[in-house]
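Construct the complete structure from the given sequences, taking the supplied hints into account.
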Amino acid sequence: MRKRLVKSILYGAVGLLAGLTAVRPAAAHHAFGSEFDANAPVLLKGKIVKIEWVNPHTWIHIEVTKDDGSKETWMVEGGSPNTLLRRGANKNTFPVGTDIVVDGYQARDHSEKRANARNVTFPDGRKLFMGMTGTGAPDPNSFPDKPKTTDK
Amino acid sequence: MRIVRRSGWGILVVVTLLVAGVAPLAGQNGAYRAPRADGGHPDLNGIWQVMNEANYDLEAHNARAAMALRPGPYGPVPAAQVLALGAVGSVPPSMGVVEGGEIPYKPEALAQKKQNQENWLTRDPEIKCYLPGIPRATYIPQPFRIFQNASQIFFAYQYAGAVRNIFLKDPGPAPVDSWMGQSVGHWEGETLVIDSKGFNDQTWFDRAGNFHSDALHVVERFTRTSPDVIAYEATMEDPNVFTRPWKISMPLYKRQEKNAQLLDFKCVEFVEELMYGQWRKNPLSR
Amino acid sequence: MRNLILAGIPAMVALLICAPHPAAAQAQKAPAKAYTPKRMADGHPDLQGTYDLATMTPVDRPMGAPAAYTPEQAQKIETAAALQREKGDESISGNRTAPPKGGDGSVGAAGNVGGYNSGWLDPGSKLTVVRGEIRSSIIVDPPNGRAPQMLPAAMQRAAAGRARPTSDAQENTNDPGLEKAPGAYDDPERRPLGERCLLGFGSTSGPPALPDYFYNNLHQIVQTPDAVMILTEMVHDARVVRMNGQHPPKNIRQWMGDSIGHWEGDTLVVDTTNFTNKTRFRGSSENLHVIERFTRVDDRTLLYQFTIDDPETWAAPWKGEYTWPATDGHIYEYACHEANYALTDILKGARLREKEQAAGKTSR
Numbered sequence: 592m593r594k595r596l597v598k599s600i601l602y603g604a605v606g607l608l609a610g611l612t613a614v615r616p617a618a619a620h621h622a623f624g625s626e627f628d629a630n631a632p633v634l635l636k637g638k639i640v641k642i643e644w645v646n647p648h649t650w651i652h653i654e655v656t657k658d659d660g661s662k663e664t665w666m667v668e669g670g671s672p673n674t675l676l677r678r679g680a681n682k683n684t685f686p687v688g689t690d691i692v693v694d695g696y697q698a699r700d701h702s703e704k705r706a707n708a709r710n711v712t713f714p715d716g717r718k719l720f721m722g723m724t725g726t727g728a729p730d731p732n733s734f735p736d737k738p739k740t741t742d743k
Numbered sequence: 206m207r208i209v210r211r212s213g214w215g216i217l218v219v220v221t222l223l224v225a226g227v228a229p230l231a232g233q234n235g236a237y238r239a240p241r242a243d244g245g246h247p248d249l250n251g252i253w254q255v256m257n258e259a260n261y262d263l264e265a266h267n268a269r270a271a272m273a274l275r276p277g278p279y280g281p282v283p284a285a286q287v288l289a290l291g292a293v294g295s296v297p298p299s300m301g302v303v304e305g306g307e308i309p310y311k312p313e314a315l316a317q318k319k320q321n322q323e324n325w326l327t328r329d330p331e332i333k334c335y336l337p338g339i340p341r342a343t344y345i346p347q348p349f350r351i352f353q354n355a356s357q358i359f360f361a362y363q364y365a366g367a368v369r370n371i372f373l374k375d376p377g378p379a380p381v382d383s384w385m386g387q388s389v390g391h392w393e394g395e396t397l398v399i400d401s402k403g404f405n406d407q408t409w410f411d412r413a414g415n416f417h418s419d420a421l422h423v424v425e426r427f428t429r430t431s432p433d434v435i436a437y438e439a440t441m442e443d444p445n446v447f448t449r450p451w452k453i454s455m456p457l458y459k460r461q462e463k464n465a466q467l468l469d470f471k472c473v474e475f476v477e478e479l480m481y482g483q484w485r486k487n488p489l490s491r
Numbered sequence: 052m053r054n055l056i057l058a059g060i061p062a063m064v065a066l067l068i069c070a071p072h073p074a075a076a077q078a079q080k081a082p083a084k085a086y087t088p089k090r091m092a093d094g095h096p097d098l099q100g101t102y103d104l105a106t107m108t109p110v111d112r113p114m115g116a117p118a119a120y121t122p123e124q125a126q127k128i129e130t131a132a133a134l135q136r137e138k139g140d141e142s143i144s145g146n147r148t149a150p151p152k153g154g155d156g157s158v159g160a161a162g163n164v165g166g167y168n169s170g171w172l173d174p175g176s177k178l179t180v181v182r183g184e185i186r187s188s189i190i191v192d193p194p195n196g197r198a199p200q201m202l203p204a205a206m207q208r209a210a211a212g213r214a215r216p217t218s219d220a221q222e223n224t225n226d227p228g229l230e231k232a233p234g235a236y237d238d239p240e241r242r243p244l245g246e247r248c249l250l251g252f253g254s255t256s257g258p259p260a261l262p263d264y265f266y267n268n269l270h271q272i273v274q275t276p277d278a279v280m281i282l283t284e285m286v287h288d289a290r291v292v293r294m295n296g297q298h299p300p301k302n303i304r305q306w307m308g309d310s311i312g313h314w315e316g317d318t319l320v321v322d323t324t325n326f327t328n329k330t331r332f333r334g335s336s337e338n339l340h341v342i343e344r345f346t347r348v349d350d351r352t353l354l355y356q357f358t359i360d361d362p363e364t365w366a367a368p369w370k371g372e373y374t375w376p377a378t379d380g381h382i383y384e385y386a387c388h389e390a391n392y393a394l395t396d397i398l399k400g401a402r403l404r405e406k407e408q409a410a411g412k413t414s415r
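Protein chains in written order, with our numbering: chain R, 592 to 743; chain F, 206 to 491; chain L, 52 to 415.
Calculated from the structure, these hints are not laboratory results. Warning: the hint list may mix true and false statements.
What the hints assert, rightly or not - Chain R is faced by these chain F residues, among others (derived, beta-carbon under 10 Å):
1. 379
2. 381
3. 405
Unchecked claim - With a straight-line Cα cutoff of 25 Å, these simulated PhoX-like cross-link-like pairs (lysine-lysine) come out:
4. 138(L) to 127(L)
5. 641(R) to 657(R)
6. 127(L) to 486(F)
7. 657(R) to 152(L)
8. 682(R) to 486(F)
9. 486(F) to 329(L)
Here the structure is a predicted model, which means the values were calculated and not measured. Each residue gets a CB set at the ideal place from its N, CA and C atoms; glycine is no exception.
This is the structure in structure tokens:
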């Protein structure tokens with residue numbers, strides 16, 4: 592009887608713990624690991640030249656200046672734009688010319704200047720895409736103000 | 206009070222029957238008066254489809270050998286890629302649906318349209334089964350269904366599973382561009398007027414290369430003119446491409462079959478060989 | 052003209068019958084106020100609206116969890132998730148370096164290359180509450196809250212299916228070395244339906260319609276006497292439920308099956324069959340039969356219940372339920388196929404992997 596009591600307490604604790612850890616999503620649009628190369632990390636610092644507000648993935652085009660001074664444009668893959676739209680974002684929220692910093696991994700085809708947008712921040716480290724607790728009603732204040740300083 | 210109420214209902218019944226009996230099916234000036242939907246407006250519910258050649262080419266045209274042509278010794282002949290289709294790939298003739306006959310392009314835009322036509326196979330979004338946009342979704346020759354009641358109006362198209370919700374209260378400017386645009390509807394008497402903006406520049410109006418920019422603004426009018434027909438008009442305005450607004454018109458016919466229903470024409474799976482076949486592990490010959 | 056009068060008579064009779072009778076009204080007035088929904092003109096409850104199905108409650112019950120959490124347990128779970136979200140929003144270094152070579156250790160769909168910043172996600176912040184119970188799972192039958200075991204023959208069928216084009220591959224299978232599921236990247240037809248942009252990932256449209264634990268859980272219901280339309284945001288799928296209709300012939304198959312509906316009191320019952328043999332909900336056969344029930348429980352909430360019936364896959368039908376809360380948000384276009392760069396990159400990436408492996412260039 593005591594064994595059963597201990598067991599049920601244990602199960603209870605395990606269950607609570609399982610419940611406490613955030614539910615890991617069962618599925619996603621696709622596995623990023625099949626599209627991007629874990630052995631090809633990138634850090635991109637540059638200006639937004641275009642945002643494709645499309646599904647299934649938003650693509651942010653960023654122009655980076657290489658060490659030799661030449662410029663190249665990368666595309667980084669974000670999530671679905673619809674969540675952001677519901678929080679008040681629109682095509683003008685992140686204007687062309689905004690400085691951003693993106694870290695991620697390059698597409699498996701290294702001839703493609705594409706990467707996943709693992710973290711997208713302003714130069715001061717604040718995230719462009721922030722979550723929200725709420726009812727889903729649009730809130731234009733969901734998005735951080737432009738940074739006060741820019742740095743390359 | 207009870208007696209008054211009962212006789213009140215009785216009077217209501219009698220009056221309604223009288224009105225129903227006296228009011229003709231025709232409106233005041235003899236025009237067809239459609240039954241009312243939930244909400245009191247003409248009922249557009251049902252499965253509708255066009256019966257014309259608008260999707261081939263909005264403008265009046267003679268029959269053509271193919272949608273993709275190349276110079277031949279005595280005039281254009283089908284391009285190599287479509288040759289095997291023979292007559293099945295040809296274009297039927299049409300009196301056109303454009304009021305005034307021609308789409309009023311700006312000169313540089315007309316040059317773009319001609320280039321589109323010459324590069325039809327690689328440029329027409331219909332070939333990749335992309336969403337058709339408005340008004341093309343109306344006259345792609347596949348059925349679509351209108352859902353209408355007092356609080357909502359919704360269109361579901363069989364082609365590419367395209368959909369559009371018609372806002373009855375203007376939600377403000379569309380936050381981003383889309384293939385099907387953002388539509389706001391209101392009633393003007395017997396006519397449903399739908400005003401659409403927020404289009405991207407990716408759709409075409411037909412298979413003849415007629416195109417627009419992301420400034421496109423479309424106003425459509427739907428009026429039932431008989432039990433089985435909606436008179437449809439669409440006015441296009443796009444100062445980047447056209448010198449003035451222009452209009453098309455055509456009847457929409459109600460599908461009569463008792464078992465009419467929308468079926469799957471997604472049709473993403475039909476174009477995967479075209480779009481991704483070269484990346485198969487064992488590609489087929491192309 | 053005569054037709055109009057004749058058509059009008061039943062309506063007038065109905066009006067007379069339904070005319071409020073003072074004495075009768077008093078007799079019907081019940082002391083405890085049961086919820087009575089707003090009704091459409093045809094008398095049926097108005098189920099319309101835009102709903103956000105996002106919920107923290109998983110489809111299958113976590114091991115050891117009770118069927119219903121106490122409010123304290125629920126609060127702990129929801130607060131933990133909110134804290135995780137806040138953490139995800141925290142600033143990081145603007146002068147950071149690139150992530151580690153060899154991957155960042157992230158699992159599941161994140162595939163060792165990192166997932167999304169939390170701002171992209173809208174996974175639901177609350178557990179679903181049904182009949183006052185804070186549910187730990189959507190599945191309620193079997194009583195352990197988890198989907199039943201597949202029949203042995205069905206398991207064999209599913210395994211054999213993996214050798215052919217399949218759509219029930221899990222989108223979150225991370226397989227950089229292409230070993231786990233040989234052939235899974237050979238052709239676009241072998242990729243999951245969500246990756247091909249044929250249907251939303253997870254079973255977001257279904258049926259059964261399940262929450263997607265990432266984002267875009269909005270659904271819209273438009274109700275007319277002849278048909279009820281259920282729009283799933285991802286991938287702009289409009290399921291038309293033909294009221295009192297009949298299923299088409301057996302050879303007519305649809306990705307979301309064919310849905311017909313009827314009313315049982317104030318509950319809309321939807322019956323769906325005629326699925327394609329590629330839709331495969333959790334390994335189901337093409338004879339999958341889904342029954343759904345939609346009931347309005349308050350002005351902002353629908354109760355959604357489903358029964359999965361497929362004797363070729365499971366010994367007995369199994370059931371789930373959760374609520375659909377109304378949202379003020381809009382459904383936006385989810386065009387998918389029109390900008391599906393990812394699928395090209397995935398297939399190209401696999402071809403490159405094979406080349407590299409053949410040349411002995413890598414051991415990834």
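Results for each hint:
1. 379: Since chain R brings a Cβ to about 8 Å from residue 379(F), closer than 10 Å, the hint holds.
2. 381: Check passed: Cβ of residue 381(F) comes within 4 Å of chain R, closer than 10 Å.
3. 405: 9 Å, holds
4. 138(L) to 127(L): 16 Å, holds
5. 641(R) to 657(R): 19 Å, holds
6. 127(L) to 486(F): Between residue 127(L) and residue 486(F) the Cα gap is close to 49 Å, so the pair fails against 25 Å, i.e. violated.
7. 657(R) to 152(L): 20 Å, holds
8. 682(R) to 486(F): 38 Å, violated
9. 486(F) to 329(L): 21 Å, holds
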